[in-house]
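Hey, can you work out the whole structure from these sequences and the hints?
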Amino acid sequence: MQWLYDPWIALQPKHALVFVLFLLAFVLLQLQLYNAETEDRRIPRFSSIDASFESRHKLQSPITIVTGASANHACALEAFLYHLHATLSQLTTDPHLDLLQQEERIRIGREYVETSRDLEAIRKRPKRNKKKQPTGDESAHDTISTTQEQQQQQQYGSLKHSPPVLLKHQPAEPLGTTFYETRPRVVVYNMGMGPTKRKRRLLKALAEAGYMDDILDFDFDPYPPFWRLDPETRGEYGWKAGIIEQQVSQRIQKDHGDPTKDWHQDKGKQQEVAKWPAPEEQLRVDDEGMMDSAAEEEPINHTNTAPPTQQRPHQPNIVLWLDSGDRISLGFLRWLPSFLLHRGLWTPQSQDTLQTWTHPGLLQYYHDSLDRFAPDETNCNGAAIAFDVNNHTLRDGLLKEWIQCAKTQECIAPKGSNRNNHRQDQAALTYLVKTMGYGSDLCHGFPEDFGIQVNQDHFCKQDIAANPNRVVVGSS
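Numbers in the numbering used here are just positions in the sequence shown, counted from 1, shifted up by 659.
Hints are computed from structural coordinates only; laboratory data are not their basis.
Source: prediction; values computed, not measured.
Be aware that one or more of the hints could be misleading.
No more than 25 Å apart at the CA atoms, straight line, and that leaves these computed lysine-lysine pairs for BS3-like [what the hints assert, rightly or not]: (1) Lys-913 x Lys-717; (2) Lys-1074 x Lys-1059; (3) Lys-1059 x Lys-913; (4) Lys-717 x Lys-783; (5) Lys-856 x Lys-1059.
What follows is the structure, encoded as structure tokens:
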């Protein structure tokens, strides 16, 4: 074995020193690259979701992406909208429909700017000019224009039902050659931009630029007083459940018809569910162009008493809450409907455990104890939550109870709890997930495993500066 050491013995001290320094530099470089990769998470990393078969599916399920922001998160909201716009632009959507939707987003944004109470201080007051009496020709022209607009409105209903405009650089494609994806809607709740006019002007510019499908001022009046924002409690984050409650109710009323009772109004009784419309008759075209209903050939089985919801394929209708500091991948959006189809709810794992971030007062509210939970019981993440609105079991069970807990201070923020020992909405969601039969499927796997990054609001200024299409706002 002496020959193994001969090269080292023969090596000159000068060469040995150079070799040792080279190894030391290599190790330091690896450590530096490791630290840079773990600390700088602005760019979404490749996840196992991106490699899954489901992430390659075309996005067909409707998704409503919801977030909220106050004056302290104006920078994070701007960076979030830029990132989300770039991600959704990668979808294979209908270019003609995209044009109409963008016009609709701009119209809604301008309408919000004109009606928002929070932006009232920065609105320009219209100048009062003496009304000019129209001449005979001008009056006749206005009458003809108004008549044409009324006829078009009567024929097409609204902008979104009008025939698509075919641009010169977009040739018409044969029917059935392209399978377009459904672009998610982006809804933003303004929690108050504060006294600074610049942040209000920023929100105004983002709304008018068409980055949001809808923007709303959150009304705190109908909700408990402890929901109001302050630097110490931050409203106990109960308003997050209130925002999700509003969006779920809107999706039910829009897609299922106006139910007899709103699902969230009566907490103590079994809720009535809106009936699905009857399945459309399947029509068949024969060789001579005559259309005959399939019902004419086969008699209808009147003995089938199954509700219509069991006779039609279930398609998730998704409400996805994202904190303004989140960054998502396209693969995650395409994968999410397949998961919610069977689970109804999705939320990743958060740092530490249930016992670390759940105050005992929450368990006492439910006449329970932390002792029956394992010390390493995972904690759910409140920064990203997805619900399937069409899942009645989840909607009338866990979701309703979570919202009710958020409206009760003894539940979501018991006495003695604070940000150092409790996670408010996240803790309540974790407890309900673990006790209502969802624990084996949810809250396992960190956001990065699903193609999501959280708490990226620290990089908002860098992300905004890197966007060449950012809005320009005056400093006054």
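Violated constraints from the hint list, given by number and in increasing order: Numbers 4 and 5 - these are the hints that the structure violates, sorted from lowest upward.
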